[in-house]
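*Asks:* One letter stands for each residue in the lines below.
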Amino acid sequence: AQSVTQLDSHVSVSEGTPVLLRCNYSSSYSPSLFWYVQHPNKGLQLLLKYTSAATLVKGINGFEAEFKKSETSFHLTKPSAHMSDAAEYFCVVNRGKLTFGTGTRLTIIP
Amino acid sequence: NAGVTQTPKFQVLKTGQSMTLQCAQDMNHNSMYWYRQDPGMGLRLIYYSASEGTTDKGEVPNGYNVSRLNKREFSLRLESAAPSQTSVYFCASTDRVNYGYTFGSGTRLTVV
Numbered sequence: 159a160q161s162v163t164q165l166d167s168h169v170s171v172s173e174g175t176p177v178l179l180r181c182n183y184s185s186s187y188s189p190s191l192f193w194y195v196q197h198p199n200k201g202l203q204l205l206l207k208y209t210s211a212a213t214l215v216k217g218i219n220g221f222e223a224e225f226k227k228s229e230t231s232f233h234l235t236k237p238s239a240h241m242s243d244a245a246e247y248f249c250v251v252n253r254g255k256l257t258f259g260t261g262t263r264l265t266i267i268p
Numbered sequence: 035n036a037g038v039t040q041t042p043k044f045q046v047l048k049t050g051q052s053m054t055l056q057c058a059q060d061m062n063h064n065s066m067y068w069y070r071q072d073p074g075m076g077l078r079l080i081y082y083s084a085s086e087g088t089t090d091k092g093e094v095p096n097g098y099n100v101s102r103l104n105k106r107e108f109s110l111r112l113e114s115a116a117p118s119q120t121s122v123y124f125c126a127s128t129d130r131v132n133y134g135y136t137f138g139s140g141t142r143l144t145v146v
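In order, the protein sequence lines correspond to chains A and B.
In this text, residue positions in the first sequence follow the numbering used here: the first is 159, and each later residue adds one.
In this text, residue positions in the second sequence follow the numbering used here: the first is 35, and each later residue adds one.
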């Protein structure tokens, strides 16, 4: 069975500093992995996806994630946080259907 | 820019009442899904339909039924609402799971 674990339920960073949202997955093979973002009272938007091509995946709004098989990780990063990045972020694995992590709420401090 | 459309956006029900949440997509996707979102639990799959004419249970199906009316529409029915079904419900669709899902904007349901 595949699942994802988001290691932090809440992350706070200052505007202009780097963002790191951590996700570990469990799988016996290389899965398809995604990051989705949900802004307050909004639906879910696909940020980026990994489907066994390049291990460094670039997404929208300056986010990227690196698939590391040796560490079973798919952490989401951004070099410089913006106020508009404040949202909830979900790490997601494809198990035939998409299975969601419990989410990380990102707060940006002005 | 339609994509996935959910109705209604908000609903308040009394315990024991029934209602149907509607979902329609205009992207000609084969697969459709219903999720519920609760604080600290992410999104959990209620039911899905891999293709027109088929439906299957997900992780949390109890208390719900679904109908895949045609390729475009996938409805979720609560026959006798309970306070534990207070949640935000999302419909999603895809043509290939590896591409990710397109989500609707959600229905916020409160059962009192």
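If you're looking for bench data, these hints aren't it; they were derived computationally from the structure.
In this text the structure is predicted, and so the values were computed from the model without any measurement.
Some hints here could point you the wrong way.
As the list claims (entries may be wrong) - Here are a few chain A residues that face chain B, going by a calculated C-beta distance under 8 Å: (1) Pro198; (2) Lys200; (3) Leu202; (4) Lys207; (5) Thr209; (6) Thr213; (7) Asn252; (8) Phe258.
Claimed, not checked - Output of the computed footprint for chain A on chain B, the stretches with three or more beta carbons under 8 Å from beta carbons of chain A: (9) 77-89; (10) 137-144.
In this text, a Cβ means the ideal position worked out from N, Cα and C, and glycines have one as well.
*Asks:* Now, for every hint given, state plainly whether the structure supports it.
*Replies:* Going down the list of hints, with the structure as the test:
no. : hint    : result
1   : Pro198  : 12 Å, violated
2   : Lys200  : 7 Å, holds
3   : Leu202  : 4 Å, holds
4   : Lys207  : 5 Å, holds
5   : Thr209  : 5 Å, holds
6   : Thr213  : 16 Å, violated
7   : Asn252  : 5 Å, holds
8   : Phe258  : 4 Å, holds
9   : 77-89   : holds (count 4)
10  : 137-144 : holds (count 4)
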